[in-house]
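For the protein sequence lines, the chains are C and U, in the order given. Residues -15 to 513 (the working numbering) make up the first sequence, in order. Residues 204 to 527 (the working numbering) make up the second sequence, in order.
Worth double-checking, as some hints may not be accurate.
As the list claims (entries may be wrong) - Cβ pair distances, simulated, as ranges:
(1) U:Ala229 x C:Asn507: 35 to 41 Å
(2) U:Ala236 x C:Gly402: 28 to 34 Å
(3) U:Ile263 x C:Arg452: 46 to 52 Å
Rather than coming from a laboratory, the hints here were simulated on the basis of the structure. We treat Cβ as the ideally placed atom computed from N, Cα and C, and that holds for glycine.
Spelled out, the chains give:
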Amino acid sequence: MAGTNDTGFSGVSRRRGRIFAGLAKAASWLGVVVLAWLLLMVVIDAFGLGAASTGWYLGGLVGFGVPFVGYAGYLVLRRPDLRWTAVRATVIPPAGLIFAGALFVLFLVFEPFFWFLYYSVAILPAVAVYGHFASREDTRAPLIAGAVGLLGAAISFFVEPLIGIMPLPWIMLNWVLVIPAGALIAYRQATGNRGRQATLLGATVAGGVLASFVGPVLIGVTSDTAVILYAAFVLPVAWYNGAVLSKNTGDWPGLLAPVVAIGSIAAGIALGDFIGTAGPDPVLDWQFLTNNASTIPADAGLFPAIVGSVFIIAIVAIVSFVVGVGAAIYLEEYAPQTGLGGTITRFIRVNIANLAGVPSVVYGLLGLGLFVNLIGMGLGIVLVAGLTLSLLILPIVIISAQEAIRSVPEDVRQASYGMGATRWQTIRNVVLPRAVPGVLTGTILALSRAIGETAPLLMIGAATTVFRPPTGFASQVSAMPLQVFYWSFHQKSAFRELIAPAGVVTLLVVMLSMNVLAIYLRNRYERNA
Amino acid sequence: MTDVSDTPDLSGDRGFQNVREGFYKATFFAFAAATVLTTVGIFLVLFVDAIGFFAAYSPIDFLTGFDWSPSLEPVSFGVLPLVFGTLVVTFTAAIIAIPVGTLTAVYLSEYAAPRTRAILKPLLEILAGVPTVIYGFFALVYVTPVIEFFFPGVSTFNVLSASLMVGIMTIPMVSSISEDAMSAVPDSLRQAGYGMGATKYEVTTDIIVPAATSGIVSSYILAISRAIGETMIVTVAMGMQSSIPTVQTATVFGIGIPFVHPGEVFLGSGQTMTAAMVQIANSDIAGGTLAYKSLFAIGLTLFAITLLMNVISNIISERYREEY
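Whole structure, please, built from the sequences with the hints as guidance.
In structure tokens, the structure reads:
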């Protein structure tokens, strides 16, 4: 074999590499597939889908699929530019309903008069004073506004018990909710055009007054609920649709998305009922979400636990956001890096990293020992639950806020200092506005973790079932995960097999929508950055 | 109107501003210091009641006792059955999460197309974000029947279903940190490997994984620490009976070989340290009793173990990091 170049090289075997790549791919999907299977099972149980006949599914599929696929196909093929319009138009109404629910709970806890008084005497004057001074570029604006607000709050605090006569609830709600919302819409939609601003504001307020009279007649809610629904649901939907339509760019087909979605679901159910023999028997329905807890499976509801979770999350959101972002600002912007101060800074950093790894059940013990035993707050009340969970997610909030603040380029800071801005002015005007999306994403993800936490709440003695929603920050509270925990242990198998899946799906929907919101914010932010 | 003028204010009167700057700095420092106070609080809370417990109950008996029965007379606080339960769960979970998580990280970092990554990563985040009480419910209601299909004698509350679920839950912990470590390996190393004629498999296993070892190992430790501290899955799905298996002896060729029957370990119920804490907190044991104080003794043990593992993980990722 003279003349050949024999290097002993006989080709590379690709088998090993292929097997490895296949294994890696299979492993990556393993967890996701298992989760998908579990979710499918729990959804089937929660909506009683096992009870429906094959004919019902066939009918439902055709009734739902034909209009929905037709519309989606039109969007994808003809108007791909409208996909975000369609998504927003679909997301805003349910988001508005959730917001209305949150407002409803807030007005349940504190009387409308409380909001009316503090809004009129403290918040409104403070905003007015701030606007006045800020428009003159007076740097003392926040300080003066803060003082005015505190004074107003103090006056309200002392005056509140003295006032016997108060306006009707729907008038107060219009004043507190609808007029500011109208002002916001007028400001955003018609900047600089005084006449149009006045028209928009007038139309908004007229709608609010109309809603408080028409609502009770039309959909049978009280007049104050009607105003809340109007402010949180009707106004945003009308605002978004109106804004898209008034641009006259032919984007209106995107706005049909929610109509098509609801219409095709209705058509699917109608056709399914027509063709099939038995429909699904859902446990998770409106009644389940609004009923109080019960010892009879058929009457069991999640309402007190939902309200409890909202209360707890409200505290957690405020405390962990303020403290977490503050701590992150200190660590990234103020903290000394050298000398004794630098040692302290490093210690704080390491400490936060370690706190993030402490098991949640230990935080429960901290809450029990600190808030209940030492300070003497009650066992299992809203405030203790909120503070304990705040401590739990604080490290996560701080770490994500630090990352967001760190990602702001150094040269914009230097530019701001070069213009003579102080450190705080730089943070407020330059750093924070750029870091806000990242901070919000991290906070929402942390909150979605807090809403599912069970062990710390069990440790601080929160009840697994309360029969009435909490009425204040000192009342006994349950939460959605606790209720799920209680049901999965119940002696009656109906609770385990029927009611618990419905609770699981509700909790998952809340948690997943928070995750989706966070991922959406992050993607949007990454696109803009 | 106001006296807005074009001449800058150079008088240098920053009295008010200095006060404001100092105020913000002090406030933010207080917030950062609150995290240190949290740690101090955890230490104090755990120590005070744990010392009370150990004053009344011998630490030796606590650490070497084979019987955990805090509420039934005569009470006994031997922590070994709980430690055994925790070890079984952690070990089983690690057997699932470590290989699967590592392979996931390899796939995401080296093999997956950007499009696949964009789908898979959020899904894994969701896998990590599902509340653990829901995983516990899944293990009890959906996983146990599957196990029953293969092992009909399994009890409703069993160790295996809970351990499998903890394993699935910790996959994303391993994969996300490991993937960060692998992605941080500079591209020049990959290109050098290809330039030497290495296949993708060889580049991955001989270059990327060794270069990212510190991150991968610290992800293992964090995941194990997470599995040790995991509470709700084991509370819901594992039953509330602490157990430690009996050591049997099999005679092979006349020699007695001690062994533990796996069915006894996995198919029966068990209890971990965390689940025992929930059980005590949720029973009507009054504050101040020995059983109540034992809560803090277990809490301290748990806190010490997880803290130690976190510190080790930090040291490994700091010290053995390959600098590029």
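Which of the stated hints cannot be reconciled with the structure, identified by number in ascending sequence? No numbers; nothing is violated.
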